[in-house]
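Residue numbers (my numbering), protein chains in the order written: chain U, 480 to 539; chain B, 480 to 539; chain X, 480 to 539; chain C, 480 to 539; chain W, 480 to 539; chain D, 480 to 539.
Source of the hints: derived by calculation from the structure; they are not laboratory data.
There is no bait here: all hints are sound.
Identical chains share a label here; the pair holds if one copy fits it or two copies do between them.
No more than 27 Å apart at the CA atoms, straight line, and that leaves these computed lysine-lysine pairs for DSS-like:
| # | residue 1 | residue 2 |
| --- | --- | --- |
| 1 | Lys512 | Lys539 |
| 2 | Lys526 | Lys512 |
| 3 | Lys539 | Lys501 |
| 4 | Lys501 | Lys527 |
| 5 | Lys501 | Lys526 |
| 6 | Lys539 | Lys526 |
| 7 | Lys501 | Lys512 |
| 8 | Lys512 | Lys527 |
Residue strings, one per chain:
6 protein chains.
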Amino acid sequence: MPIITVDLFEGRSREQREAFAKAVTEAAVQTLKAPLDHTWVIFRDHKKTNWAMGGSLCDK
Amino acid sequence: MPIITVDLFEGRSREQREAFAKAVTEAAVQTLKAPLDHTWVIFRDHKKTNWAMGGSLCDK
Amino acid sequence: MPIITVDLFEGRSREQREAFAKAVTEAAVQTLKAPLDHTWVIFRDHKKTNWAMGGSLCDK
Amino acid sequence: MPIITVDLFEGRSREQREAFAKAVTEAAVQTLKAPLDHTWVIFRDHKKTNWAMGGSLCDK
Amino acid sequence: MPIITVDLFEGRSREQREAFAKAVTEAAVQTLKAPLDHTWVIFRDHKKTNWAMGGSLCDK
Amino acid sequence: MPIITVDLFEGRSREQREAFAKAVTEAAVQTLKAPLDHTWVIFRDHKKTNWAMGGSLCDK
Chain U
480 MPIITVDLFE GRSREQREAF AKAVTEAAVQ TLKAPLDHTW VIFRDHKKTN
530 WAMGGSLCDK
Chain B
480 MPIITVDLFE GRSREQREAF AKAVTEAAVQ TLKAPLDHTW VIFRDHKKTN
530 WAMGGSLCDK
Chain X
480 MPIITVDLFE GRSREQREAF AKAVTEAAVQ TLKAPLDHTW VIFRDHKKTN
530 WAMGGSLCDK
Chain C
480 MPIITVDLFE GRSREQREAF AKAVTEAAVQ TLKAPLDHTW VIFRDHKKTN
530 WAMGGSLCDK
Chain W
480 MPIITVDLFE GRSREQREAF AKAVTEAAVQ TLKAPLDHTW VIFRDHKKTN
530 WAMGGSLCDK
Chain D
480 MPIITVDLFE GRSREQREAF AKAVTEAAVQ TLKAPLDHTW VIFRDHKKTN
530 WAMGGSLCDK
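All chains, full assembly: derive it from the sequences and hints.
In structure tokens, the structure reads:
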């Protein structure tokens, strides 16, 4: 533990994901006292046509 | 809040997803007193070969 | 399928959850052509101290 | 219930998934006293570039 | 990886959960070629009043 | 979007969660170009008796 899951719109680059994973992992180790190797970050990409806010799909 | 996640088989049309998101959002606002803009609906499409019931994959 | 998961703040009554589950299930059957018995709705209650928006916990 | 969700790297064959779903379902029925037809297993495939351990993406 | 999440009704004993975790982990190692130490199983207990099937809460 | 879900063992203090949520949110805004108000962080606490690694529950 911990498992940090990120649900977001598709389209982020590998560099963005790597930078984010690194920052989140450092924060987990420092503030949550998480073990480094057991800090997992999973990105789940979503199409805007699969995400609605306020009742409307976000692809409009 | 709330976040309403829908795990279902792939293949629903945009119209179906939009109609469902709208109906669910209205129900959330009316029955759960959820704020409209903060009611998010996320569809996660699954292949039938990735879903098993009773021990058998659903693509049979 | 489908599985409809609702992440929300704790505190909704049984009546609210039942009404919401009923409305969502009807919408799933009508718009997504989901089978009635296989439409499952799961509520996950969260404390406001476990949910942050914009970097601040929601219990303030 | 129960719903058993498996987050793993993409690339497992249909045979592997079917064998795993069968084994997990049998274990659920025997040890958890789960009803067979209501034991659902969902596989969610992830790219290694979407999964980080220890702050580094797993595609390296 | 993998992460195996089990959503189920509350009430299973520690012995049941341990036996199930062991069986699932063995199946993951054998059929999915998962590394033993990186096979994580998480149980999420749900009250029957938080789970609906066919539009009715399961606590009836 | 994004929704950042943190599955971890119970026992972290409010200060730890707030510091982590703040750090993660800042990283999301800077590296993922996420909108501040739409960056949600949800903590899900788990008992060690509900989490297994390598086939054994973590409460041992």
